[in-house]
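Note that the protein sequences, when read in sequence, are chains A and B.
Each residue of the first sequence is one higher than the one before, counting from 92 in the numbering used here.
Each residue of the second sequence is one higher than the one before, counting from 92 in the numbering used here.
Hints are computed from structural coordinates only; laboratory data are not their basis.
Here a beta-carbon is modelled for each residue, glycine too, at the ideal position from N, C-alpha and C.
Incorrect hints may have been included.
Claimed, not checked - Over 10 Å on every C-beta distance to chain A, these chain B residues come out as not near it, computed from the model:
id: 1; residue: GLU166
id: 2; residue: ARG212
id: 3; residue: LYS215
Claimed, not checked - Listed below are the simulated SDA-like cross-link pairs for lysine to any residue, each with C-alpha atoms no more than 20 Å apart in a straight line:
id: 4; chain 1: A; residue 1: LYS215; chain 2: B; residue 2: TRP229
id: 5; chain 1: A; residue 1: LYS215; chain 2: A; residue 2: VAL227
id: 6; chain 1: B; residue 1: LYS215; chain 2: A; residue 2: ARG230
id: 7; chain 1: B; residue 1: LYS215; chain 2: A; residue 2: VAL228
id: 8; chain 1: B; residue 1: LYS215; chain 2: A; residue 2: TRP229
id: 9; chain 1: A; residue 1: LYS157; chain 2: A; residue 2: VAL136
id: 10; chain 1: A; residue 1: LYS157; chain 2: B; residue 2: ALA222
id: 11; chain 1: B; residue 1: LYS157; chain 2: A; residue 2: ALA222
id: 12; chain 1: A; residue 1: LYS157; chain 2: A; residue 2: LEU142
id: 13; chain 1: A; residue 1: LYS157; chain 2: A; residue 2: TYR223
id: 14; chain 1: A; residue 1: LYS215; chain 2: B; residue 2: VAL228
id: 15; chain 1: B; residue 1: LYS215; chain 2: A; residue 2: LEU225
id: 16; chain 1: A; residue 1: LYS215; chain 2: B; residue 2: VAL227
id: 17; chain 1: B; residue 1: LYS157; chain 2: B; residue 2: VAL140
id: 18; chain 1: A; residue 1: LYS157; chain 2: A; residue 2: GLN209
id: 19; chain 1: B; residue 1: LYS215; chain 2: A; residue 2: ARG233
id: 20; chain 1: B; residue 1: LYS215; chain 2: B; residue 2: ARG269
id: 21; chain 1: B; residue 1: LYS215; chain 2: A; residue 2: VAL227
id: 22; chain 1: A; residue 1: LYS215; chain 2: A; residue 2: GLN133
id: 23; chain 1: A; residue 1: LYS215; chain 2: A; residue 2: GLU158
id: 24; chain 1: A; residue 1: LYS215; chain 2: B; residue 2: ALA234
id: 25; chain 1: A; residue 1: LYS215; chain 2: B; residue 2: ARG230
id: 26; chain 1: A; residue 1: LYS157; chain 2: A; residue 2: THR214
id: 27; chain 1: A; residue 1: LYS215; chain 2: B; residue 2: ALA222
id: 28; chain 1: B; residue 1: LYS215; chain 2: A; residue 2: ALA237
id: 29; chain 1: A; residue 1: LYS215; chain 2: A; residue 2: PHE162
id: 30; chain 1: B; residue 1: LYS157; chain 2: A; residue 2: GLY219
id: 31; chain 1: B; residue 1: LYS215; chain 2: B; residue 2: GLY130
id: 32; chain 1: A; residue 1: LYS215; chain 2: B; residue 2: SER226
id: 33; chain 1: A; residue 1: LYS215; chain 2: B; residue 2: ALA237
id: 34; chain 1: A; residue 1: LYS157; chain 2: A; residue 2: LEU220
id: 35; chain 1: B; residue 1: LYS157; chain 2: B; residue 2: LEU225
id: 36; chain 1: B; residue 1: LYS215; chain 2: A; residue 2: ALA234
id: 37; chain 1: A; residue 1: LYS157; chain 2: B; residue 2: GLY219
Number of protein chains: 2
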Amino acid sequence: MSSSSAAARREGRAESASGRPPMRQALVAAAFRLFVERGYEQTTVDDIVALAGVGRRSFFRYFPSKEDVVFPDHERCLADMTDFLAASPEGAEPVRRVCDAARLVLRMYAEDPSFSVQRYRLTKEVPGLRAYELSVVWRYERALAAYLRGRFAGRPDGTLRADVIAAAVVAAHNNALRSWLRSGGLGDASTEVDHALGLVQSAFGAAPAATGPGADSEDVVVVVARRDVPLWRVVQQLEAVLGRG
Amino acid sequence: MSSSSAAARREGRAESASGRPPMRQALVAAAFRLFVERGYEQTTVDDIVALAGVGRRSFFRYFPSKEDVVFPDHERCLADMTDFLAASPEGAEPVRRVCDAARLVLRMYAEDPSFSVQRYRLTKEVPGLRAYELSVVWRYERALAAYLRGRFAGRPDGTLRADVIAAAVVAAHNNALRSWLRSGGLGDASTEVDHALGLVQSAFGAAPAATGPGADSEDVVVVVARRDVPLWRVVQQLEAVLGRG
Numbered sequence: 092m093s094s095s096s097a098a099a100r101r102e103g104r105a106e107s108a109s110g111r112p113p114m115r116q117a118l119v120a121a122a123f124r125l126f127v128e129r130g131y132e133q134t135t136v137d138d139i140v141a142l143a144g145v146g147r148r149s150f151f152r153y154f155p156s157k158e159d160v161v162f163p164d165h166e167r168c169l170a171d172m173t174d175f176l177a178a179s180p181e182g183a184e185p186v187r188r189v190c191d192a193a194r195l196v197l198r199m200y201a202e203d204p205s206f207s208v209q210r211y212r213l214t215k216e217v218p219g220l221r222a223y224e225l226s227v228v229w230r231y232e233r234a235l236a237a238y239l240r241g242r243f244a245g246r247p248d249g250t251l252r253a254d255v256i257a258a259a260v261v262a263a264h265n266n267a268l269r270s271w272l273r274s275g276g277l278g279d280a281s282t283e284v285d286h287a288l289g290l291v292q293s294a295f296g297a298a299p300a301a302t303g304p305g306a307d308s309e310d311v312v313v314v315v316a317r318r319d320v321p322l323w324r325v326v327q328q329l330e331a332v333l334g335r336g
Numbered sequence: 092m093s094s095s096s097a098a099a100r101r102e103g104r105a106e107s108a109s110g111r112p113p114m115r116q117a118l119v120a121a122a123f124r125l126f127v128e129r130g131y132e133q134t135t136v137d138d139i140v141a142l143a144g145v146g147r148r149s150f151f152r153y154f155p156s157k158e159d160v161v162f163p164d165h166e167r168c169l170a171d172m173t174d175f176l177a178a179s180p181e182g183a184e185p186v187r188r189v190c191d192a193a194r195l196v197l198r199m200y201a202e203d204p205s206f207s208v209q210r211y212r213l214t215k216e217v218p219g220l221r222a223y224e225l226s227v228v229w230r231y232e233r234a235l236a237a238y239l240r241g242r243f244a245g246r247p248d249g250t251l252r253a254d255v256i257a258a259a260v261v262a263a264h265n266n267a268l269r270s271w272l273r274s275g276g277l278g279d280a281s282t283e284v285d286h287a288l289g290l291v292q293s294a295f296g297a298a299p300a301a302t303g304p305g306a307d308s309e310d311v312v313v314v315v316a317r318r319d320v321p322l323w324r325v326v327q328q329l330e331a332v333l334g335r336g
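Can you make the complete structure from the sequences, with help from the hints?
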């Protein structure tokens, strides 16, 4: 459950299953019905409000433009992500934390699979929506990078590492998300996303993991060996690194 | 030197230092002078052609829209990148190869530092240009990912790994490129970019390096251990993984 829908529930506001207030939800439903039937470009805001049975002003109260009705939940999700990262415990492993933040986006998509699949198909067909989506993805990536930059401040290559990890997390998340959307939103999206984010954590999680108090990258030893190297050579090398033996 | 400017030289066509034909170069120069003096939004295509002393048709022969004149070399650079990746030797280490492909973008920026710095400042100020730039960056990323997907085809997590590495390469390249642009285009951009791409190669280069004939990821064993774990536990674990002992 997102924090904003939780807040709405606490305040006793009526909400649809998608977490959107009813009139907003009616506008989104009308818009998507028309986009699918007539095409995105051929649908006007007037068509949408006529089908939803509300006035133009109601539309623009919720959405600055026709494009925004295609992505009705991203602003809420971006706010949830920012709140989540700001509330991170000091000792949280940073790469794991941004992976968990990315899962909030997945949860938004998984809340309403058929809507998400419809939008995915629409976005692939309309270049303007593709551009809009890229700018949304960029904002998620910058939110993750900003958190990591704070956590890696003062470390060598801190901003570089932050930017690279944020991009890798977004790419992994979107690879798994798109695969789920292409499949028609069937099955459990989170298993695939967990697996994808695991790849990023294994590539980048080790070094930043050693940032907590009392931990140090010196505490971790990494050994990479070819299978055909004799075990005694590996142990010898380990002893040399550990300063024992 | 890019392959397209090399081709122009072979054909004896006149070219400016930036690798652009003279009339195209005159249009770009006129456009940027006006963008800086009046602002991007306040400058029309008519203003640009008047200053350059050419007709409107000449403008649209080179540029589909006003936005395109801000990024006059990306299409050439994208084509160069695609050619470069298509011409990759079969045994090329894939992560190294996409890093080298990314360096083609850097070279384009470094060909004309003052122009690149002007554009960087303009792009930061004009939201429409920012969106345009995101779509260009996305196309570079997909070109790198497409090559990697081909190289990793049939491997577990091949497309996932390809997408993550492509995103990481682009993020590292752009982190270093932007730092150079922010500094006003002073000094050698390539040192910083090499360092940034080195981080990606060290994170991802090892596993895909084992793709040559006769090599297999099964051949490599990676052990990560905390320093405070007794050596015998590490050796025990190694023996278990290697199936010996």
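Hint check results:
No beta-carbon of chain A comes within 10 Å of the beta-carbon of GLU166(B); the shortest separation is about 16 Å. Chain A leaves ARG212(B) outside its interface by the beta-carbon criterion, the shortest separation being 19 Å against a cut-off of 10 Å. Interface exclusion of LYS215(B) from chain A stands, the closest Cβ pair being 13 Å apart, more than 10 Å. Pair hint LYS215(A) plus TRP229(B) holds up; C-alpha atoms about 14 Å apart against a cutoff of 20 Å.
Taken as a hint, the LYS215(A) and VAL227(A) pair is honoured in the structure, with Cα atoms around 15 Å apart against an allowance of 20 Å. For the proposed pair LYS215(B) and ARG230(A), the alpha carbon gap of about 14 Å is at most 20 Å, so the pair holds. The straight-line distance between the Cα atoms of LYS215(B) and VAL228(A) is roughly 18 Å, inside the 20 Å bound, and the hint therefore holds. Restraint check for LYS215(B) and TRP229(A): the C-alpha separation of about 14 Å stays at or below 20 Å, so the hint holds.
Restraint check for LYS157(A) and VAL136(A): satisfied, since their Cα atoms lie roughly 7 Å apart, inside the 20 Å limit. Distance hint between LYS157(A) and ALA222(B) is fulfilled; the C-alpha atoms sit about 17 Å from each other, no more than 20 Å. A C-alpha spacing of about 17 Å is found between LYS157(B) and ALA222(A), which places the hinted pair at or below 20 Å, so the restraint holds. For the suggested pair LYS157(A) and LEU142(A), the alpha carbons sit about 15 Å apart, so the restraint of at most 20 Å is met.
Distance hint between LYS157(A) and TYR223(A) is fulfilled; the C-alpha atoms sit about 11 Å from each other, no more than 20 Å. The straight-line distance between the Cα atoms of LYS215(A) and VAL228(B) is roughly 18 Å, inside the 20 Å bound, and the hint therefore holds. A hinted pair counts as satisfied when its Cα atoms are at most 20 Å apart, and LYS215(B) with LEU225(A) qualifies at roughly 16 Å. For the hint pairing LYS215(A) with VAL227(B), the CA-to-CA distance comes to about 17 Å; that is within 20 Å, so the pair holds.
The suggested pairing of LYS157(B) with VAL140(B) holds, with an alpha-carbon distance near 11 Å, which does not exceed 20 Å. Restraint check: the Cα-Cα separation between LYS157(A) and GLN209(A) comes to about 16 Å, which is no more than 20 Å; the hinted pair holds. As the CA atoms of LYS215(B) and ARG233(A) are separated by approximately 15 Å, the hinted pair is consistent with the 20 Å bound. Proposed proximity of LYS215(B) and ARG269(B) is supported: the alpha carbons are some 11 Å apart, at most 20 Å.
Distance restraint check for LYS215(B) and VAL227(A): the Cα-Cα separation of roughly 17 Å lies within the 20 Å cut-off, and the hinted pair is therefore satisfied. With a C-alpha separation of about 16 Å, the suggested pair LYS215(A) and GLN133(A) falls inside the 20 Å cut-off, and the hint holds. Of the supplied pair hints, the one linking LYS215(A) and GLU158(A) holds, its CA atoms being roughly 14 Å apart against a limit of 20 Å. A hinted pair counts as satisfied when its Cα atoms are at most 20 Å apart, and LYS215(A) with ALA234(B) qualifies at roughly 18 Å.
This hinted pair checks out: LYS215(A) and ARG230(B) have alpha carbons roughly 14 Å apart, not beyond 20 Å. Of the pairs offered as hints, the one joining LYS157(A) and THR214(A) holds, with about 13 Å between alpha carbons and a cut-off of 20 Å not exceeded. With a C-alpha separation of about 17 Å, the suggested pair LYS215(A) and ALA222(B) falls inside the 20 Å cut-off, and the hint holds. For the hint pairing LYS215(B) with ALA237(A), the CA-to-CA distance comes to about 18 Å; that is within 20 Å, so the pair holds.
Of the pairs offered as hints, the one joining LYS215(A) and PHE162(A) holds, with about 14 Å between alpha carbons and a cut-off of 20 Å not exceeded. In summary, the hint linking LYS157(B) to GLY219(A) is supported, as the alpha carbons are separated by about 17 Å, within the 20 Å threshold. Taken as a hint, the LYS215(B) and GLY130(B) pair is honoured in the structure, with Cα atoms around 12 Å apart against an allowance of 20 Å. At roughly 14 Å between alpha-carbon atoms, LYS215(A) and SER226(B) fall within 20 Å of each other, so this suggested pair holds.
Only pairs whose Cα atoms come within 20 Å are accepted, and LYS215(A) paired with ALA237(B) is accepted, the gap being roughly 18 Å. In summary, the hint linking LYS157(A) to LEU220(A) is supported, as the alpha carbons are separated by about 10 Å, within the 20 Å threshold. Between LYS157(B) and LEU225(B), the direct Cα distance comes to roughly 17 Å. Compliance with the 20 Å bound is thereby established for this hinted pair. Between LYS215(B) and ALA234(A) the CA atoms are separated by roughly 18 Å; this keeps the pair inside 20 Å, and the hint holds.
For the proposed pair LYS157(A) and GLY219(B), the alpha carbon gap of about 17 Å is at most 20 Å, so the pair holds.
In this structure, none of the earlier numbered hints is contradicted; all agree with it.
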